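So you can see what is in the structure, the chains are spelled out below.
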Amino acid sequence: MQFDQILQYTLSGLSTGAIYALIGIGFSIIYNATGIINFAQGEFVMLGGLLTLSCLDLLKLPIWAAIPCAVAVSTLAGLLFERLAIRPLRQPTPINLVIITIGGSILIRGMAMLIWGKDTHAIPSFSGDDPIAIGGATILPQHLWILAITVVIIVINKFYFYHTISGKAMRACAYNRRAAGLVGIDVRRMVLFSFMISSAMGAVAGIIVAPLTMIAYDVGVMLGLKGFCAAIIGGMSSGIATVVGGLLLGVLESLGAGLISSGYKDAIAFIILLLILFIRPQGLFGKADSERV
Amino acid sequence: MKRELLKFVAFSVFVLLLPLQFKGGYLMNVLVFVGINTMLAIALNLLLGYAGQISLGHAGFFGLGAYLSGILTTTYAWNPWQAMPVAAIIVGCMAYLIGFPVLKLKGHYLAMATLGLGIIIYIVFNETVDLTGGPSGLSGIPYLEAGGIVFDSDVKNYYLIWGITLAVVLFSINLANSRVGRALRAVHDSEVAAQVVGVNARLLKVQIFALSAVISSLAGSLYAHTMTFISPASFGFNFSVELLTMVVIGGLGSVYGSFLGAALLTLLPEFLRAAQDYDIIIYGGLLVLMVMFMPGGLVRGVPDLFRRIFKSRGGADHA
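Chains A and B supply the protein sequences, listed in that same order.
First residue of the first sequence? That's 1 in the working numbering, and the numbers climb one at a time after it.
First residue of the second sequence? That's 1 in the working numbering, and the numbers climb one at a time after it.
Hints were generated in silico from the structure; no laboratory data involved.
Computed from a predicted model, the values in this text were never measured in an experiment.
A portion of the hints provided could be inaccurate.
[Unchecked claim] Calculated Cβ distances over 12 Å to all of chain A for the following chain B residues:
no.	residue
1	K2
2	G49
3	A186
4	Q195
5	L264
[Said to hold, decoys possible] Listed next, the stretches of chain B that the computed footprint assigns to chain A, with coverage defined by at least 3 CB atoms under 8 Å from CB atoms of chain A:
no.	stretch
6	101-111
7	286-294
[As the list claims (entries may be wrong)] Some chain B residues near chain A, calculated using beta-carbon distances under 10 Å:
no.	residue
8	G52
9	I119
10	V129
11	L131
12	L175
13	V241
14	L244
15	V248
16	L268
17	F271
18	I282
Note that the Cβ used here is the ideal one computed from N, Cα and C, for glycine as well.
From just these sequences and the hints, can you work out the full model?
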């Protein structure tokens with residue numbers, strides 16, 4: 001196998017992996033604040049992509065205005081989801097929460113199907129499609145956008161959680177919800193925030209990946225599950241461990257698809273998921289390394 | 001126990017007399033599926049409702065049963081009656097082995113692991129084209145045959161499928177009311193407490209998982225032999241969610257609830273033909289609404305509702 005080919009697969013794997021990382025961090029933020037695995041996480045990715053499409057086509061907004069619009073609407077959707085489905089739950093047992101987030105995800109997907117139809121849509125790249133040569137491999141400008149935006153998001157995230165009052169309050173909830181409540185933190189508000197932040201991050205992931213992979217009402221399921229896989233590899237940390245998990249997953253998947261079989265590409269993620277859950281449920285890097293925020 | 005028996009007899013009579021109402025026709029075909037889905041819903045309910053362990057991969061076991069039966073009877077020309085138990089045993093053993101690591105997980109993690117398992121099985125159906133025919137499916141699966149009767153019509157299949165479904169119903173009711181059933185409920189409420197009183201919770205969870213897979217596999221085999229054609233699309237994640245919806249709507253931990261859920265979700269799309277594309281929204285909506293307003297399912301929710309209406313009326317009379 002040629003080195004160039006491996007480099008090519010690794011590079012494209014990294015940009016897919018960055019997407020998984022963003023979605024995975026979204027999972028972790030909600031999980032750490034509430035103990036809920038939000039099965040609807042992937043739907044916000046889909047919403048981000050499709051809303052951008054509408055902003056571009058229907059509202060004729062330029063791309064730099066369409067993206068914040070789409071993120072804002074997705075965040076609102078996340079807020080509504082928490083308010084209407086999660087908070088009113090009378091018996092919040094894990095099974096009920098699984099069922100209600102699955103129900104919610106189907107509902108969101110169904111409504112997206114009604115609004116945007118069943119077709120796959122394309123979104124133009126942010127800055128052209130001229131390939132850039134790196135070594136023997138080529139990448140698209142969009143790949144660079146994905147990596148850059150992911151880095152920016154992670155830095156903002158870090159800043160929020162460590163240098164703002166609300167971020168610190170959220171971390172307190174992650175450590176101990178009761179204690180956080182006792183020192184005067186409005187835990188319910190933090191839960192709501194966590195849903196808003198992760199739907200915003202999911203939407204960003206959907207927007208930056210859409211020019212590469214196309215977008216349709218049903219892309220959220222797979223992307224969501226792979227994001228979860230990234231979070232599991234990272235031990236449900238909302239920091240660097242999940243990013244590494246996402247990148248690792250993206251590269252392994254891309255190499256597996258290229259070198260073994262493209263048909264089993266999706267299976268790779270789930271086999272990794274099962275192996276990690278069976279062997280190291282605390283994540284690849286152990287509990288000590290992961291920041292449970 | 002006597003009441004249970006009476007309920008079962010009444011249910012059986014209802015099921016056996018139902019075809020007289022329809023005398024063949026398309027609805028009979030749908031009712032055959034109600035039978036298969038009832039079996040599947042009961043299988044999942046044993047796991048979810050009684051033992052409290054969720055599975056989002058049951059469509060995988062259903063599909064494995066269907067494909068094993070289909071492949072053995074077409075490619076290897078086995079007799080369907082031999083293929084069915086062999087398929088069930090293979091699926092049961094697989095579930096038993098995989099059950100140990102899977103059921104160590106709890107709650108959300110268990111849901112994700114079983115989901116991943118189901119999707120891997122689904123991908124294998126699609127990719128092993130030489131064996132399964134891939135996405136275009138496997139056709140030419142023979143009908144079942146017994147004593148010169150070929151089960152090739154809806155009415156014959158109705159009695160075949162429902163005969164077996166009733167056996168599954170009876171078996172499950174017995175199981176639920178046995179020592180094992182009580183142990184399962186103990187595990188549901190608190191695994192630690194169950195273990196303290198001498199229930200081997202880990203083993204029991206794996207056993208019920210395997211049993212649930214065996215029943216699903218059996219339903220899959222029957223599905224393959226009544227449809228004579230199968231394709232991976234019937235065994236994907238969506239169907240696992242549909243099964244979950246049936247169990248939740250009917251009522252967790254209720255065998256007849258599983259029948260109600262299965263009947264409702266199988267018949268609903270037939271009556272909503274015009275709203276074909278909306279069925280996904282209806283499933284999602286039903287799931288959310290049921291968990292929010294009727295967490296006990298129809299079997300508990302509806303009587304509760306009546307009781308509340310009666311009570312308030314009774315109160316008004318007295319006043």
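Hints, verified against the model:
1. K2: holds (33 Å)
2. G49: violated (10 Å)
3. A186: holds (17 Å)
4. Q195: holds (19 Å)
5. L264: holds (15 Å)
6. 101-111: Satisfied; 9 residues make the cut.
7. 286-294: With 5 residues closer than 8 Å to chain A, the stretch 286-294 of chain B meets the three-residue bar; holds.
8. G52: Since the shortest Cβ distance to chain A is 7 Å, the answer is holds.
9. I119: holds (5 Å)
10. V129: holds (9 Å)
11. L131: Status violated, d = 13 Å.
12. L175: For L175/B, the interface hint is violated, since the closest Cβ of chain A sits about 21 Å away, which is over 10 Å.
13. V241: Given a least distance of 6 Å, the restraint on V241/B holds.
14. L244: L244/B check passes; min Cβ-Cβ to chain A is 7 Å, inside 10 Å.
15. V248: holds (6 Å)
16. L268: With a minimum Cβ separation of about 15 Å from chain A (threshold 10 Å), the hint on L268/B is violated.
17. F271: violated (18 Å)
18. I282: holds (8 Å)
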